[in-house]
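Asks: One letter stands for each residue in the lines below.
2 protein chains.
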Amino acid sequence: MTTSAPPSPAGDPAAIEEGTAFTPKFDADGLIPAVATSGATGEVLMFAYMNGEAVARTLETGEAHFWSRSRGKLWRKGEESGNTMRVVELRTDCDQDVLWLKVELGGAEACCHTGRRSCFYRTVPLGGGPGQAVTLEFVEADRLFEPEQVYGHARAAKGTLKTSN
Amino acid sequence: MTTSAPPSPAGDPAAIEEGTAFTPKFDADGLIPAVATSGATGEVLMFAYMNGEAVARTLETGEAHFWSRSRGKLWRKGEESGNTMRVVELRTDCDQDVLWLKVELGGAEACCHTGRRSCFYRTVPLGGGPGQAVTLEFVEADRLFEPEQVYGHARAAKGTLKTSN
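Top line first, the protein sequences correspond to chains R and F. Numbers 1 to 165, taken from this note's numbering, label the letters of the first sequence in order. Numbers 1 to 165, taken from this note's numbering, label the letters of the second sequence in order.
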């Protein structure tokens with residue numbers, strides 16, 4: 001199947017903000033940021049980038065596709081891990097340069113390559129002053145799968161694990 | 001008050017992913033993406049970027065600060081509109097290159113410069129095939145304030161409105 005990338009906008013702010021034509025704005029690298037939240041709980045699960053083909057495939061199939069910057073290739077979320085991501089609703093923002101995916105997780109319902117449900121498993125405490133070290137706190141950090149078992153020891157050791165989920 | 005930018009990580013994946021040291025990773029422009037969601041409803045409200053000083057100010061004050069790429073300056077959310085953004089919880093992701101802010105809105109409780117609660121007031125219908133035009137649908141798009149009254153006609157006409165909320 002051939003896929004065509006949606007066009008970039010012509011640049012009319014009123015049309016972009018108040019119009020109904022979907023004209024996603026890609027950055028200089030041809031990418032648009034995408035935020036995935038759980039359709040069930042509203043929590044932020046992950047953040048990644050899409051290129052035009054990833055947007056087109058996501059629209060066509062309803063399965064989240066992204067562009068791996070480190071691997072330089074399109075990937076369907078869960079293609080290796082089985083932890084798929086079905087898009088329940090897709091939105092764009094006022095200036096159409098960000099996408100928001102409300103999703104339903106498949107597989108182990110773990111979104112993060114570390115085995116956790118969400119990539120955002122640590123909080124950053126507020127109140128620190130200038131120059132103070134900030135200590136993260138783990139929250140909702142249980143692993144739902146073991147990365148080594150899913151991705152393999154070799155790839156984990158090579159440091160390519162991050163981009164393979 | 002002087003503010004120091006948190007350091008970029010030394011590059012050890014295990015320390016970044018499994019450690020407790022907050023070492024936000026800024027991109028080549030010195031920025032890190034930040035997603036703001038409502039602490040009450042979980043909806044995504046806006047997406048913006050922070051530089052080191054914006055991160056530091058946000059941590060110190062609990063009020064969301066961002067870096068305006070178009071204006072080239074730090075801004076405290078709501079400094080002009082009154083629609084402030086108090087951070088209820090801050091999180092970072094596995095590789096510490098994204099921030100997630102759970103927030104409580106002040107003022108008119110409108111986050112978007114168009115006067116709407118969220119910047120994500122349009123859905124992108126799924127199911128379109130290659131080459132098909134995609135028509136956005138407005139949802140939750142009521143305006144809670146009139147942009148011209150808040151930001152002024154002159155600035156709206158100059159097209160600088162987007163960066164002033």
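If you are wondering where the hints come from, they were derived from the structure by calculation, not from laboratory data. A few of these clues could be false.
With a straight-line Cα cutoff of 27 angstroms, these simulated BS3-like cross-link-like pairs (lysine-lysine) come out [claimed, not checked]: (1) R:Lys73 - R:Lys25; (2) R:Lys73 - F:Lys25; (3) R:Lys25 - F:Lys73; (4) F:Lys25 - F:Lys73; (5) R:Lys73 - F:Lys73.
The following label-pair restraints were derived from C-beta to C-beta distances [as the list claims (entries may be wrong)]: (6) R:Thr61 - F:Gly62: 24 to 32 angstroms; (7) R:Ala108 - F:Gly107: 35 to 43 angstroms; (8) F:Glu104 - R:Gly19: 41 to 49 angstroms; (9) R:Glu109 - F:Gly127: 20 to 28 angstroms; (10) F:Gly19 - R:Gly127: 14 to 22 angstroms; (11) F:Gly19 - R:Gly106: 24 to 32 angstroms; (12) R:Gly42 - F:Ala15: 25 to 33 angstroms; (13) R:Glu148 - F:Phe138: 28 to 36 angstroms; (14) R:Gly127 - F:Gly106: 17 to 25 angstroms; (15) F:Lys73 - R:Gly19: 28 to 36 angstroms; (16) R:Gly19 - F:Asp27: 28 to 36 angstroms.
Even glycine gets a Cβ: it sits at the ideal position worked out from N, Cα and C.
Asks: Each hint should be assessed against the structure and marked as holding or not.
Replies: Okay, the hints, checked on the actual structure:
1. For the hint pairing Lys73 of chain R with Lys25 of chain R, the CA-to-CA distance comes to about 20 angstroms; that is within 27 angstroms, so the pair holds.
2. Under the criterion of a C-alpha separation no larger than 27 angstroms, the hint pairing Lys73 of chain R with Lys25 of chain F is consistent with the structure, at around 22 angstroms.
3. Of the pairs offered as hints, the one joining Lys25 of chain R and Lys73 of chain F holds, with about 22 angstroms between alpha carbons and a cut-off of 27 angstroms not exceeded.
4. Among the hinted pairs, Lys25 of chain F with Lys73 of chain F is consistent with the structure: their alpha-carbon atoms are about 20 angstroms apart, no more than 27 angstroms.
5. For the proposed pair Lys73 of chain R and Lys73 of chain F, the alpha carbon gap of about 34 angstroms is over 27 angstroms, so the pair is violated.
6. Hint check: Thr61 of chain R to Gly62 of chain F, Cβ distance near 41 angstroms, so the stated range 24 to 32 angstroms is violated.
7. Separated by about 42 angstroms at the C-beta atoms, Ala108 of chain R and Gly107 of chain F satisfy the suggested range of 35 to 43 angstroms.
8. A hinted range of 41 to 49 angstroms is violated for the C-beta pair Glu104 of chain F and Gly19 of chain R, which are about 31 angstroms apart.
9. For Glu109 of chain R paired with Gly127 of chain F, a C-beta distance near 24 angstroms keeps the hint of 20 to 28 angstroms intact.
10. A beta carbon spacing of about 20 angstroms between Gly19 of chain F and Gly127 of chain R agrees with the range 14 to 22 angstroms that was offered as a hint.
11. For Gly19 of chain F paired with Gly106 of chain R, a C-beta distance near 30 angstroms keeps the hint of 24 to 32 angstroms intact.
12. Roughly 30 angstroms separates the CB atoms of Gly42 of chain R and Ala15 of chain F, a value that falls within the hinted 25 to 33 angstroms.
13. For the hinted restraint 28 to 36 angstroms between Glu148 of chain R and Phe138 of chain F, the CB-CB distance of approximately 46 angstroms leaves it violated.
14. Range check, Gly127 of chain R to Gly106 of chain F: Cβ separation about 19 angstroms, and the 17 to 25 angstroms hint holds.
15. For Lys73 of chain F and Gly19 of chain R, the Cβ-Cβ distance of about 29 angstroms falls inside the hinted range of 28 to 36 angstroms, so the restraint holds.
16. The beta-carbon spacing between Gly19 of chain R and Asp27 of chain F, approximately 30 angstroms, falls within the hinted interval of 28 to 36 angstroms.
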